[in-house]
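As you go down the protein sequences, you meet chains A and B in turn.
So that you can map any letter, position 76 of the first sequence is 97 in our numbering, and since no number is skipped, the others follow by simple counting.
So that you can map any letter, position 329 of the second sequence is 350 in our numbering, and since no number is skipped, the others follow by simple counting.
The set of hints was computed from the structure by calculation and includes no laboratory data.
Incorrect hints may have been included.
As the list makes no split between identical chains, a pair holds if one copy fits it or if it spans any two.
As the list claims (entries may be wrong) - Derived DSBU-like pairs (lysine-lysine); straight-line CA-CA distance at most 30 Å:
hint, residue 1, residue 2
1, Lys427, Lys353
2, Lys113, Lys427
3, Lys206, Lys371
4, Lys346, Lys375
5, Lys234, Lys220
6, Lys47, Lys354
7, Lys199, Lys72
8, Lys353, Lys342
9, Lys276, Lys87
10, Lys41, Lys354
11, Lys28, Lys74
12, Lys199, Lys89
13, Lys53, Lys371
14, Lys28, Lys126
15, Lys113, Lys342
16, Lys353, Lys47
17, Lys322, Lys231
18, Lys346, Lys53
There are 2 protein chains.
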Amino acid sequence: MNYEPLKGFREFYPEQQWGKRVILEKIEEVVKLFGFEEISTPSVESLELFKMKSGDEIVEETYSFKDKGNRDVVLIPETTPAVSRMVSEISKISTFPLRWYSYSKVWRYEEPQKGRMREFYQFNVDIFGTKNPVVDAEILYIAYMIMKNLDLDNDVQIRVSHRNLISSLTNGMCDNNKLYKLIDKKHKIPANEFDSSLKEICPNNELYIKIKKILEIKSPINKGIEELNNSIEGDILKELNQLEEALKMYGIEDKIILDPSIVRGLLYYTGIVFECWDKKEELRAIFGGGRYDNLVGLFNKTPIPAIGFAIGDVTLELLLKKENKWPVYKEKKGVYAILIYENYLGVAIKMITKIRNAGIKVTFDYAAKPIQKGLEIASKGMYEYCLIFGKEIEEGNVIIKNMETKEQITIQQDMVEQFFIKELNKKAIHGINDAN
Amino acid sequence: MNYEPLKGFREFYPEQQWGKRVILEKIEEVVKLFGFEEISTPSVESLELFKMKSGDEIVEETYSFKDKGNRDVVLIPETTPAVSRMVSEISKISTFPLRWYSYSKVWRYEEPQKGRMREFYQFNVDIFGTKNPVVDAEILYIAYMIMKNLDLDNDVQIRVSHRNLISSLTNGMCDNNKLYKLIDKKHKIPANEFDSSLKEICPNNELYIKIKKILEIKSPINKGIEELNNSIEGDILKELNQLEEALKMYGIEDKIILDPSIVRGLLYYTGIVFECWDKKEELRAIFGGGRYDNLVGLFNKTPIPAIGFAIGDVTLELLLKKENKWPVYKEKKGVYAILIYENYLGVAIKMITKIRNAGIKVTFDYAAKPIQKGLEIASKGMYEYCLIFGKEIEEGNVIIKNMETKEQITIQQDMVEQFFIKELNKKAIHGINDAN
Chain A
22 MNYEPLKGFR
32 EFYPEQQWGK
42 RVILEKIEEV
52 VKLFGFEEIS
62 TPSVESLELF
72 KMKSGDEIVE
82 ETYSFKDKGN
92 RDVVLIPETT
102 PAVSRMVSEI
112 SKISTFPLRW
122 YSYSKVWRYE
132 EPQKGRMREF
142 YQFNVDIFGT
152 KNPVVDAEIL
162 YIAYMIMKNL
172 DLDNDVQIRV
182 SHRNLISSLT
192 NGMCDNNKLY
202 KLIDKKHKIP
212 ANEFDSSLKE
222 ICPNNELYIK
232 IKKILEIKSP
242 INKGIEELNN
252 SIEGDILKEL
262 NQLEEALKMY
272 GIEDKIILDP
282 SIVRGLLYYT
292 GIVFECWDKK
302 EELRAIFGGG
312 RYDNLVGLFN
322 KTPIPAIGFA
332 IGDVTLELLL
342 KKENKWPVYK
352 EKKGVYAILI
362 YENYLGVAIK
372 MITKIRNAGI
382 KVTFDYAAKP
392 IQKGLEIASK
402 GMYEYCLIFG
412 KEIEEGNVII
422 KNMETKEQIT
432 IQQDMVEQFF
442 IKELNKKAIH
452 GINDAN
Chain B
22 MNYEPLKGFR
32 EFYPEQQWGK
42 RVILEKIEEV
52 VKLFGFEEIS
62 TPSVESLELF
72 KMKSGDEIVE
82 ETYSFKDKGN
92 RDVVLIPETT
102 PAVSRMVSEI
112 SKISTFPLRW
122 YSYSKVWRYE
132 EPQKGRMREF
142 YQFNVDIFGT
152 KNPVVDAEIL
162 YIAYMIMKNL
172 DLDNDVQIRV
182 SHRNLISSLT
192 NGMCDNNKLY
202 KLIDKKHKIP
212 ANEFDSSLKE
222 ICPNNELYIK
232 IKKILEIKSP
242 INKGIEELNN
252 SIEGDILKEL
262 NQLEEALKMY
272 GIEDKIILDP
282 SIVRGLLYYT
292 GIVFECWDKK
302 EELRAIFGGG
312 RYDNLVGLFN
322 KTPIPAIGFA
332 IGDVTLELLL
342 KKENKWPVYK
352 EKKGVYAILI
362 YENYLGVAIK
372 MITKIRNAGI
382 KVTFDYAAKP
392 IQKGLEIASK
402 GMYEYCLIFG
412 KEIEEGNVII
422 KNMETKEQIT
432 IQQDMVEQFF
442 IKELNKKAIH
452 GINDAN
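Start from the sequences, fold in the hints, and give me the full structure.
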């Protein structure tokens with residue numbers, strides 16, 4: 022009998038879950054400032070939906086199966102197709118641009134390894150309904166600000182290119198599909214192997230040298246465009262120049278790196294593409310995205326331009342931990358109640374209920390125990406205060422111990438609520454404060 | 022090509038997602054007061070895990086399939102088995118009781134109908150490691166307080182029984198399995214059909230009459246126990262009396278209804294069981310749960326007692342909407358920026374960036390438009406303020422319009438940040454306030 026979690030699937034205990042939540046909130050905090058709203062999509066979809074976007078090869082890498090109604094379905098490997106469908110469904114009644122984010126589990130049937138799980142979370146950020154290049158800059162600025170809010174801005178590099186930058190150079194002189202596949206694995210293979218493969222795909226020596234040189238560019242976009250030295254096509258240069266102008270307005274033209282070796286799905290992207298990498302290049306990409314102006318149109322014939330990116334949780338967590346920036350567990354645990362004599366149980370519950378109704382967290386296990394035992398538990402559990410029900414109750418008092426300062430006071434029972442409201446700065450919770 | 026969502030799966034647009042979040046937060050707010058911490062579990066598990074808990078019949082009702090490694094796996098129909106496994110994994114290093122909650126998607130392969138989806142959310146609340154009957158009362162009190170915090174306490178009834186209450190009466194004189202199955206569908210079949218089936222299962226007339234009478238009890242637990250009139254076994258009576266005592270300490274002995282017709286999984290529950298129903302009985306159960314002291318022990322041989330319940334989102338939403346208590350959409354949308362002349366784009370982005378860095382939400386679509394058009398969009402989008410970049414910029418000013426009062430002011434550009442901080446009462450966000 023195998024009751025273990027499946028390979029590549031994770032359980033999150035309170036401390037880990039707490040860290041996840043803190044990171045999620047820091048990301049949400051940024052996108053909300055830009056007016057993004059949250060949506061969510063189903064976790065199971067028809068396989069056709071993903072074949073449409075990514076071609077048949079996606080089947081191999083996904084959790085696809087036949088359901089009991091004999092439908093070909095799949096655990097979603099990403100949310101973009103479903104989000105695009107949602108946009109198409111309401112395109113007639115919406116005011117564009119729409120700014121949507123989502124946070125959801127996605128699944129890939131791949132061998133689990135460093136930075137890659139079979140089940141993981143993706144945070145998706147997309148803007149629908151405008152081709153304005155300033156929106157491309159906004160998306161990159163949001164991506165940058167997310168990294169900044171996670172204190173990672175100095176540890177990563179956001180690299181941008183244009184989906185057609187390299188293909189516009191080849192002018193039919195080499196197989197662009199093969200070329201893009203090769204470039205995509207450039208950082209994974211030795212330089213000489215890359216060179217000889219490139220030569221094979223682009224036998225024309227002048228072109229070979231040109232591509233090789235352009236692929237070496239890795240400069241802030243304002244300098245990078247100069248380095249391209251007008252060797253690329255007018256339209257693409259124009260788009261890159263517009264992006265640079267817009268990035269200047271956001272003040273991050275020196276933070277965004279032009280890197281023509283960034284290539285992503287040819288089938289899918291239509292304009293700028295980008296990825297975020299740790300500067301030390303020890304990990305996979307932290308996030309990736311780009312402009313995809315044709316996807317929504319596949320649903321309702323009316324093309325609606327779009328741009329967005331997705332952050333996976335696994336590599337992000339690896340990077341945060343590597344840089345010692347993963348949030349240190351400090352859940353505010355509130356009050357731990359210690360009952361010394363069983364016969365005060367009723368009094369204790371009444372008081373605890375009262376202070377909970379004022380919005381104070383109280384943990385109570387009801388079992389009578391010696392004070393030392395209770396303090397040990399509270400200390401191990403990182404509670405902020407102990408509320409002790411001992412024989413002082415006979416005089417209408419209880420003991421409160423501050424677990425940080427170790428100060429201990431004896432206080433009248435009817436002052437306890439006020440004490441904690443003041444100390445823990447809580448407000449009575451709507452609907453709870455008038456209970457009983 | 023079918024790109025539609027699958028039957029029984031839901032998409033959540035911003036307004037719906039916002040409502041979900043509000044409800045989730047109200048539930049979380051309650052459990053956190055009792056010291057609960059969040060965990061999360063995988064969404065795919067080996068099928069064995071669920072067979073262990075619920076028997077082979079579970080296979081039919083689930084999204085089970087063979088994965089590409091030929092494993093029998095399942096989209097989780099509930100989280101309890103995985104949560105119990107997590108407890109068993111850390112049982113040696115934990116301080117019990119553990120109080121854990123989780124919120125996750127679960128899946129059932131059943132015909133979609135009112136109150137039943139193939140994909141839905143469950144909020145799980147469990148306490149592990151104590152048999153203390155006061156903990157049973159705490160769980161019921163938490164359940165009650167969740168309903169109260171959702172303003173549903175007067176619309177629902179929490180009904181409790183003991184897993185062995187009815188079976189202890191039969192004393193081997195009828196087939197308990199058949200009997201429990203019959204009782205479980207009592208409210209779905211006509212009374213005379215129920216009676217004749219009951220008679221068939223329990224042919225002894227005296228017993229038949231006794232069970233029939235006991236099944237009619239539906240009184241607050243303090244009165245309900247009296248009505249049982251000592252006709253049940255000593256141990257169960259004792260447990261019910263202890264529960265009543267503990268409920269009194271929490272002051273809800275008159276809110277919890279004794280209802281011997283509540284029966285839940287015989288294989289699984291070991292003590293008190295309970296369900297929450299809308300008083301009008303127009304919907305399915307809002308939540309259900311009970312004590313299950315043997316499940317954790319199946320993993321590591323050391324039994325660890327447990328009690329908990331799960332709230333599904335579908336019926337809860339139906340009830341909230343039926344009672345007009347679903348939260349009215351009032352997301353705080355912040356500021357909508359209107360650019361009248363394109364040449365002020367750079368100035369606008371700079372100012373907007375500054376006020377976003379102070380924690381103010383600003384939505385900006387960059388396209389120059391007449392003021393009327395901009396105000397229409399802002400009004401439709403329920404924004405609180407408009408920030409208008411018109412020719413006043415030449416004098417260093419912008420216009421701010423309060424969309425509620427319709428008041429409009431002309432204000433110096435360098436006063437805008439302070440204005441919004443004061444009006445929208447926001448604080449600069451850590452990590453963002455020092456950007457650029």
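Hint check:
| no. | hint | verdict |
| --- | --- | --- |
| 1 | Lys427 x Lys353 | within (17 Å within a copy, 42 Å between copies) |
| 2 | Lys113 x Lys427 | between (63 Å within a copy, 29 Å between copies) |
| 3 | Lys206 x Lys371 | neither (65 Å within a copy, 39 Å between copies) |
| 4 | Lys346 x Lys375 | between (38 Å within a copy, 26 Å between copies) |
| 5 | Lys234 x Lys220 | within (13 Å within a copy, 89 Å between copies) |
| 6 | Lys47 x Lys354 | both (21 Å within a copy, 19 Å between copies) |
| 7 | Lys199 x Lys72 | within (21 Å within a copy, 48 Å between copies) |
| 8 | Lys353 x Lys342 | within (22 Å within a copy, 34 Å between copies) |
| 9 | Lys276 x Lys87 | neither (46 Å within a copy, 47 Å between copies) |
| 10 | Lys41 x Lys354 | both (17 Å within a copy, 26 Å between copies) |
| 11 | Lys28 x Lys74 | both (28 Å within a copy, 21 Å between copies) |
| 12 | Lys199 x Lys89 | between (40 Å within a copy, 29 Å between copies) |
| 13 | Lys53 x Lys371 | between (41 Å within a copy, 18 Å between copies) |
| 14 | Lys28 x Lys126 | both (16 Å within a copy, 20 Å between copies) |
| 15 | Lys113 x Lys342 | between (45 Å within a copy, 27 Å between copies) |
| 16 | Lys353 x Lys47 | both (18 Å within a copy, 18 Å between copies) |
| 17 | Lys322 x Lys231 | neither (39 Å within a copy, 68 Å between copies) |
| 18 | Lys346 x Lys53 | both (22 Å within a copy, 26 Å between copies) |
This entry does not satisfy hints 3, 9, 17, going by the numbered hints stated previously.
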